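Those protein sequence lines, which keep their order, are chains R and B.
Its first residue numbered 1, the first sequence is counted upward by one per residue in the working numbering.
Its first residue numbered 1, the second sequence is counted upward by one per residue in the working numbering.
There's no promise every hint is true.
Cβ pair distances, simulated, as ranges [said to hold, decoys possible]:
(1) Gln41/B <-> Asn30/R: 19 to 25 angstroms
(2) His57/R <-> Arg67/B: 37 to 43 angstroms
(3) Gly40/B <-> His57/R: 40 to 46 angstroms
(4) Ala82/R <-> Arg73/B: 31 to 37 angstroms
(5) Arg63/B <-> Asn52/R: 26 to 32 angstroms
(6) Arg73/B <-> Pro111/R: 39 to 45 angstroms
(7) Arg30/B <-> Pro8/R: 33 to 39 angstroms
Some residues of chain R that are not near chain B, with every Cβ distance over 12 angstroms (derived) [stated by the list, open to error]:
(8) Glu6
(9) Ser12
(10) Gly16
(11) Gln33
(12) Arg41
Simulated from the structure, these hints should not be mistaken for lab results.
All values derive from a computational prediction rather than experimental measurement.
Every residue gets a Cβ at the ideal spot worked out from N, C-alpha and C, and that includes glycine.
Single-letter residue listing:
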Amino acid sequence: SQQGEEDPQALSIQEGENATMNCSYKTSINNLQWYRQNSGRGLVHLILIRSNEREKHSGRLRVTLDTSKKSSSLLITASRAADTASYFCATGPNSGYALNFGKGTSLLVTP
Amino acid sequence: KAGVTQTPRYLIKTRGQQVTLSCSPISGHRSVSWYQQTPGQGLQFLFEYFSETQRNKGNFPGRFSGRQFSNSRSEMNVSTLELGDSALYLCASSEDREKLFFGSGTQLSVL
């Protein structure tokens with residue numbers, strides 16, 4: 001069952017602009033992760049943020065987590081055409097193991 | 001290290017048949033998870049194996065089964081195929097049961 005829900009469903013920007021995607025979830029979590037998927041291929045792990053962390057950076061990626069609002073955001077700065085992909089948030093539950101994925105945000109970066 | 005390898009890449013079957021998909025995890029990873037991805041439902045967790053034991057199972061009918069071998073390679077089987085089983089089946093391995101490394105998937109079409 002879906003836990004996270006990304007917003008917006010689709011986003012179109014130009015190269016050099018920043019892209020912000022949001023994720024909301026319903027139950028308590030141990031961690032929240034973001035993954036990227038290109039054209040129906042496998043997903044690639046981008047970043048993991050734990051429930052006791054509020055912000056994390058990795059290169060051009062910045063992730064925030066607000067457990068009181070049960071939401072997270074992924075910011076990609078200075079977007080490139082190669083960032084065109086679908087982005088998924090996945091929540092790691094407090095009990096059990098299986099990651100629950102949202103339906104993703106489709107990002108299109110045009111030159 | 002080699003990545004997660006899934007075979008075959010594409011598969012076409014007819015209703016009522018059965019199918020076996022294979023996954024070779026990254027060397028040293030003992031956890032293997034399977035996900036079904038469809039445009040309508042997104043990514044749905046099927047099951048996870050760790051050291052040859054099924055640790056978690058998603059909400060799928062008994063037609064979906066899997067196993068893991070002593071070398072951590074995993075197979076999943078779907079019996080009595082239905083049209084709705086058409087999907088991208090993704091395998092992911094993990095060292096820490098947190099961050100997942102995905103294969104490129106097997107695209108199954110049921111006619």
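To see whether the hints hold, each was checked on the structure:
1. Gln41/B <-> Asn30/R: 19 to 25 angstroms: Between Gln41/B and Asn30/R, where Cβ atoms are some 24 angstroms apart, the hint holds.
2. His57/R <-> Arg67/B: 37 to 43 angstroms: holds, 40 angstroms
3. Gly40/B <-> His57/R: 40 to 46 angstroms: At 34 angstroms between Cβs, range violated.
4. Ala82/R <-> Arg73/B: 31 to 37 angstroms: Given a distance of about 32 angstroms, which is inside 31 to 37 angstroms, the answer is holds.
5. Arg63/B <-> Asn52/R: 26 to 32 angstroms: Violated - the Cβ-Cβ distance for Arg63/B and Asn52/R, about 40 angstroms, lies outside 26 to 32 angstroms.
6. Arg73/B <-> Pro111/R: 39 to 45 angstroms: holds, 42 angstroms
7. Arg30/B <-> Pro8/R: 33 to 39 angstroms: holds, 38 angstroms
8. Glu6: Its Cβ does come within 12 angstroms of chain B, the nearest being 10 angstroms, so this is violated.
9. Ser12: Non-interface label on Ser12/R holds, nearest chain B Cβ at 19 angstroms vs cutoff 12 angstroms.
10. Gly16: Non-interface label stands for Gly16/R: nearest chain B Cβ at 29 angstroms, farther than 12 angstroms.
11. Gln33: Not fine: 7 angstroms to the nearest Cβ puts Gln33/R too close to chain B.
12. Arg41: violated, 5 angstroms
Of the hints listed earlier, those the structure fails to meet are numbers 3, 5, 8, 11, 12, in rising order.
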